[in-house]
Amino acid sequence: MSKELEIKIIALGKAILEGSKKRELHILSPLGFVDKLLESSLNNAELKIALFRFVDVMPSLKNSKEIVSHLEEYFLEIAKKSNIIKLIIKLSKLPILREIVSTLAKTQINSISKKFILGESPTEALYKLAKLKTKNRKYTVDLLGEAALSGAESEEYFFRYKELIKILSANSQIKGDNEDSPVNISIKLSSLYESTNPLNFEQSVLKLSEKLSSLFRLVKESKGTAFVDMEDSSLVDITLAVVKNVLTKEEFSNYKKFGIVLQAYLKRTEKDLDNILDWIKNERKTQIQIRLVKGAYWDTEFMSSISNGWDCPVFIEKTHSDFNYEKLSYKLLNNTKYVYPAFASHNIRSLSNAICIASELKLEKHDFEIQTLYGMGEEFKDELVARGFSVREYAPVGKMLPGMAYLVRRLLENTANEGFLRRVSFDKISDLDELLKAPSIYNLAHDLESNNKEFNLVKNNGNNDNS
Amino acid sequence: MTTHNTDNYIQDNSKFKNCPFLDFSIEENRTKLSNEISKLITQAKKDFFSVTSIYKNHSIKTNSIERINSLPEDSSILFTKTIEATTEDCEVALETLKSYFPTWSKTQIETRVKVLESASKIMQERRFELTALLCLEAGKPWSDADGEFCEAVDFLEYYALQAKSLFLKTKMGTIQGEDNFYFYEPRGVALVICPWNFPLAIPCGMFSAAIVTGNPAILKPSEETPLIGKRLYEIFLEAGLPKEASAFIPGKGEIVGDYMSRDVRVSTIVFTGSKEVGLKLIKVGGDTKKGQTHVKRIISEMGGKNSIIIDSDADLDEAVRGTIISAFSYTGQKCSACSKVFIVGEETYLKFRERISAALLSLKVGPTSESANTVGPVINEEAQKRIEKTIAEGKLRGATVSETKLSEDVKKRGNFVCPVVLENLSLSDTISTDEIFGPVLSMYMVESFEEGVKFATLSEYRLTGGVYSRSPKNIDYAYREFNVGNLYINRQCTGALVYRQPFGGAHMSGMGSKAGGPDYLIQFTVPRVVTENTIRRGFAPTS
Numbered sequence: 001m002s003k004e005l006e007i008k009i010i011a012l013g014k015a016i017l018e019g020s021k022k023r024e025l026h027i028l029s030p031l032g033f034v035d036k037l038l039e040s041s042l043n044n045a046e047l048k049i050a051l052f053r054f055v056d057v058m059p060s061l062k063n064s065k066e067i068v069s070h071l072e073e074y075f076l077e078i079a080k081k082s083n084i085i086k087l088i089i090k091l092s093k094l095p096i097l098r099e100i101v102s103t104l105a106k107t108q109i110n111s112i113s114k115k116f117i118l119g120e121s122p123t124e125a126l127y128k129l130a131k132l133k134t135k136n137r138k139y140t141v142d143l144l145g146e147a148a149l150s151g152a153e154s155e156e157y158f159f160r161y162k163e164l165i166k167i168l169s170a171n172s173q174i175k176g177d178n179e180d181s182p183v184n185i186s187i188k189l190s191s192l193y194e195s196t197n198p199l200n201f202e203q204s205v206l207k208l209s210e211k212l213s214s215l216f217r218l219v220k221e222s223k224g225t226a227f228v229d230m231e232d233s234s235l236v237d238i239t240l241a242v243v244k245n246v247l248t249k250e251e252f253s254n255y256k257k258f259g260i261v262l263q264a265y266l267k268r269t270e271k272d273l274d275n276i277l278d279w280i281k282n283e284r285k286t287q288i289q290i291r292l293v294k295g296a297y298w299d300t301e302f303m304s305s306i307s308n309g310w311d312c313p314v315f316i317e318k319t320h321s322d323f324n325y326e327k328l329s330y331k332l333l334n335n336t337k338y339v340y341p342a343f344a345s346h347n348i349r350s351l352s353n354a355i356c357i358a359s360e361l362k363l364e365k366h367d368f369e370i371q372t373l374y375g376m377g378e379e380f381k382d383e384l385v386a387r388g389f390s391v392r393e394y395a396p397v398g399k400m401l402p403g404m405a406y407l408v409r410r411l412l413e414n415t416a417n418e419g420f421l422r423r424v425s426f427d428k429i430s431d432l433d434e435l436l437k438a439p440s441i442y443n444l445a446h447d448l449e450s451n452n453k454e455f456n457l458v459k460n461n462g463n464n465d466n467s
Numbered sequence: 001m002t003t004h005n006t007d008n009y010i011q012d013n014s015k016f017k018n019c020p021f022l023d024f025s026i027e028e029n030r031t032k033l034s035n036e037i038s039k040l041i042t043q044a045k046k047d048f049f050s051v052t053s054i055y056k057n058h059s060i061k062t063n064s065i066e067r068i069n070s071l072p073e074d075s076s077i078l079f080t081k082t083i084e085a086t087t088e089d090c091e092v093a094l095e096t097l098k099s100y101f102p103t104w105s106k107t108q109i110e111t112r113v114k115v116l117e118s119a120s121k122i123m124q125e126r127r128f129e130l131t132a133l134l135c136l137e138a139g140k141p142w143s144d145a146d147g148e149f150c151e152a153v154d155f156l157e158y159y160a161l162q163a164k165s166l167f168l169k170t171k172m173g174t175i176q177g178e179d180n181f182y183f184y185e186p187r188g189v190a191l192v193i194c195p196w197n198f199p200l201a202i203p204c205g206m207f208s209a210a211i212v213t214g215n216p217a218i219l220k221p222s223e224e225t226p227l228i229g230k231r232l233y234e235i236f237l238e239a240g241l242p243k244e245a246s247a248f249i250p251g252k253g254e255i256v257g258d259y260m261s262r263d264v265r266v267s268t269i270v271f272t273g274s275k276e277v278g279l280k281l282i283k284v285g286g287d288t289k290k291g292q293t294h295v296k297r298i299i300s301e302m303g304g305k306n307s308i309i310i311d312s313d314a315d316l317d318e319a320v321r322g323t324i325i326s327a328f329s330y331t332g333q334k335c336s337a338c339s340k341v342f343i344v345g346e347e348t349y350l351k352f353r354e355r356i357s358a359a360l361l362s363l364k365v366g367p368t369s370e371s372a373n374t375v376g377p378v379i380n381e382e383a384q385k386r387i388e389k390t391i392a393e394g395k396l397r398g399a400t401v402s403e404t405k406l407s408e409d410v411k412k413r414g415n416f417v418c419p420v421v422l423e424n425l426s427l428s429d430t431i432s433t434d435e436i437f438g439p440v441l442s443m444y445m446v447e448s449f450e451e452g453v454k455f456a457t458l459s460e461y462r463l464t465g466g467v468y469s470r471s472p473k474n475i476d477y478a479y480r481e482f483n484v485g486n487l488y489i490n491r492q493c494t495g496a497l498v499y500r501q502p503f504g505g506a507h508m509s510g511m512g513s514k515a516g517g518p519d520y521l522i523q524f525t526v527p528r529v530v531t532e533n534t535i536r537r538g539f540a541p542t543s
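Those protein sequence lines, which keep their order, are chains R and L.
Per this note's numbering, the first sequence starts with residue 1, numbered consecutively.
Per this note's numbering, the second sequence starts with residue 1, numbered consecutively.
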């Protein structure tokens, strides 16, 4: 990479950060005591685990008695060190106050989840989607739900996706002039077939291809866009096979607005991208969209590979995922004839890199887009929109109970030690050069060495940064 | 946050690493296993795999009985033909082993450890062949078969590692003028009687433990799975185990098993199987005969009747998935399998009921030669008939929540039983009390978590148990009160790993010893102490 480019990347990154600063940054708006707890949890691992576990279990609690007893069970030890928590627990023992404390906890968690989740149903989401439009942002909607463990449950997902497409396409309120269709959805394949797994490879590909084709057909009818999300690494082959399968069908062969998601934290992704590019060049011959993310399941991938005794499929060091992200960004931008790239990240360095490469390659601003998560890093988004970039938010719809898994993941990211957002807004790192510096070059030898190290899980817990 | 008694503990720092599972998301692994399975089927269709006794000075007898086994998944494929051992075979084998005991017991520990390490190496080279054999002869789904293969390798590696330190002498005390040494010695001939449900891993663990601790050992495989037993024994011979130190005796439990367990030349009986046989062995083994020079030790791992408790705050995604794996993987034919689920509160009961009921309809039941099937056949026709009868009677006394449908075609082909979930059965019903060893799960609603624990521990068995809860208080309660051999919190109650989850239960589940744990090998030894007074005329060497 040239020195001039590096200087440009840092300069642009600084400009975006400076511009965002004027817009005032918060990890979370000052909503109340759960927010306060979240903030203090950033430097207290014990509190963080207790808090996240409480958030996770909260929606399954049936009454105020259960809520208050769980509060006490989770925070008892910590209460010995914190007066505010001690007070809350003490107060909640009084029957009159029990209702108040539990209601308070409920509304607090509700209000946090509302920051990240559009609503319980597509109809409920429309208001917020319209609001996004006033901010000149775009969206892609995904569905949250419990795991699909049965045919009945995967059928229900299938129905929900169809309904989502229908409701979005019928809505004139959100039909924007800057986009030709209000339909833009992201689909999780594992929710569409309950027996999706590598040992059931052929059936998985077959069943999922059928279901995905039906959904794609509806999306195409409304001139919309659909992405197939990438899930855990064991499903990458199935996902790629299904997408290729469906997009090779004649009815979709000329349609450009279908996409797939690639995760930069996976060591295999570069090879996957090469294969996809070859496939488009030689077989499909029509552009597809590719959303590039860092990857949201780092801890799970890391822990399960250790537990199974497998080579870790993800980069151990966060900086190597960042490096790979930049490498893949370059490859995507170099192939805009075949792909329309979407750079999904909250890391300003990663985005600045993509933008600067695009301008080196003399690409237009509409040759790619930036994607972010709904409810996170608001100030960046406004700044990027102001600079004329297309910003699309990944926005989920779903009920509170299954939404918790998503919410906890978002909270983890917001508070991850190495997370960009946290470093800017909580740690208040003012040395922008440090914040925006180039990621370390990754080479295999280094990685093998890291793989052999005995890793401290607690230390590495901060690596969960999808941003 | 957690209040259970885990604040004070010692961290074990063993260098042991479990054998990695196969990553089936890699296509090559699926292809290799599939090819091995096809190869075995093709071979079997041409001719049986034949199994006979293997021991030093073996001569073919004419009065032997032949036994033919077909594949559990397809009764039209005759898979093995066993020439069953007779008591005469036992006589010759026992005599050989007995006379070789002094030699084997004094073999360098390094030599014995080497046998296990070499066996592990050979096994790993034949990984796909052995796993394929488990899929076919034992009717095991791919993941389960792979897990069992890994467990077998783990036993070899773990016991090899353990044996190295076990046989180091310990000097007791630091008194000048007196040397005290504490050390372990082999017990004598061991009789290893094996089950069919883990026909590679469990025999491998029991047999290798006996061998590495210096005891000549007889491997008696289950009548249902003689070929895996033979393959295992051949691997040991190839790994350098002297033929004089071992014997492979396939045959009927009631004939050769019974005969050898009564024999005075046997010092240790190691058994895994049913409670009925286990208790019989304890009785027979305890009956000391005239001329017997030692008391037999019986290591007996028996059955289980295992429960999972679902708390009202449980994560149902995890609980439903985990309960299904615990109850139906390997068709419920694991002693660790869950057969009862206690659910706290009506709301959770109904939600759990709805989800598991639907999920049961999506279970993939079918031949385990095919990778997609996660529930296979049961071991033989007799088991199939017995389980079906139990289910039919249970349905009359209780109610059916859900039952997996099976095509007539599949059902006709092999020993298949439809997985079923029942409810409304009393706690004293035989379905609630007896080990069924089949794909049967019964549900019970309880008032509180404590009541769940109380009911779950009513059983005479205490092997495994499971808890799905997000209440630190209730998890703590389970730690203390749900006293089974292996308790699993927020995960399935099957699939124990060597070293990480040493496995075994007390009460009617066994003698409480833990396979794959730090105390296992000691059972095959006798501790001795030698004390030497080193003072001569008021003079002693300083140590």
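Hints were generated in silico from the structure; no laboratory data involved.
Possibly wrong hints are sitting among the right ones.
[Unchecked claim] Below, computed lysine to aspartate or glutamate pairings styled on DMTMM-like, alpha-carbon distance capped at 25 angstroms:
| # | chain 1 | residue 1 | chain 2 | residue 2 |
| --- | --- | --- | --- | --- |
| 1 | L | K289 | L | E276 |
| 2 | R | K271 | L | E27 |
| 3 | R | K188 | L | D476 |
| 4 | L | K32 | R | E66 |
| 5 | L | K454 | R | E66 |
| 6 | L | K364 | L | D429 |
| 7 | L | K17 | R | E317 |
| 8 | L | K46 | L | E276 |
| 9 | R | K62 | L | D476 |
| 10 | L | K405 | R | E317 |
| 11 | L | K473 | R | E46 |
[Said to hold, decoys possible] Non-contacting residues of chain R with respect to chain L, defined by C-beta distances greater than 10 angstroms in every case (computed):
| # | residue |
| --- | --- |
| 12 | I96 |
| 13 | L126 |
| 14 | E194 |
By construction, the Cβ of each residue, glycine as well, lies at the ideal position given by its N, Cα and C atoms.
Hints versus structure:
| no. | hint | result |
| --- | --- | --- |
| 1 | L/K289 to L/E276 | 22 angstroms, holds |
| 2 | R/K271 to L/E27 | 16 angstroms, holds |
| 3 | R/K188 to L/D476 | 36 angstroms, violated |
| 4 | L/K32 to R/E66 | 52 angstroms, violated |
| 5 | L/K454 to R/E66 | 21 angstroms, holds |
| 6 | L/K364 to L/D429 | 29 angstroms, violated |
| 7 | L/K17 to R/E317 | 23 angstroms, holds |
| 8 | L/K46 to L/E276 | 38 angstroms, violated |
| 9 | R/K62 to L/D476 | 21 angstroms, holds |
| 10 | L/K405 to R/E317 | 48 angstroms, violated |
| 11 | L/K473 to R/E46 | 17 angstroms, holds |
| 12 | I96 | 23 angstroms, holds |
| 13 | L126 | 28 angstroms, holds |
| 14 | E194 | 5 angstroms, violated |
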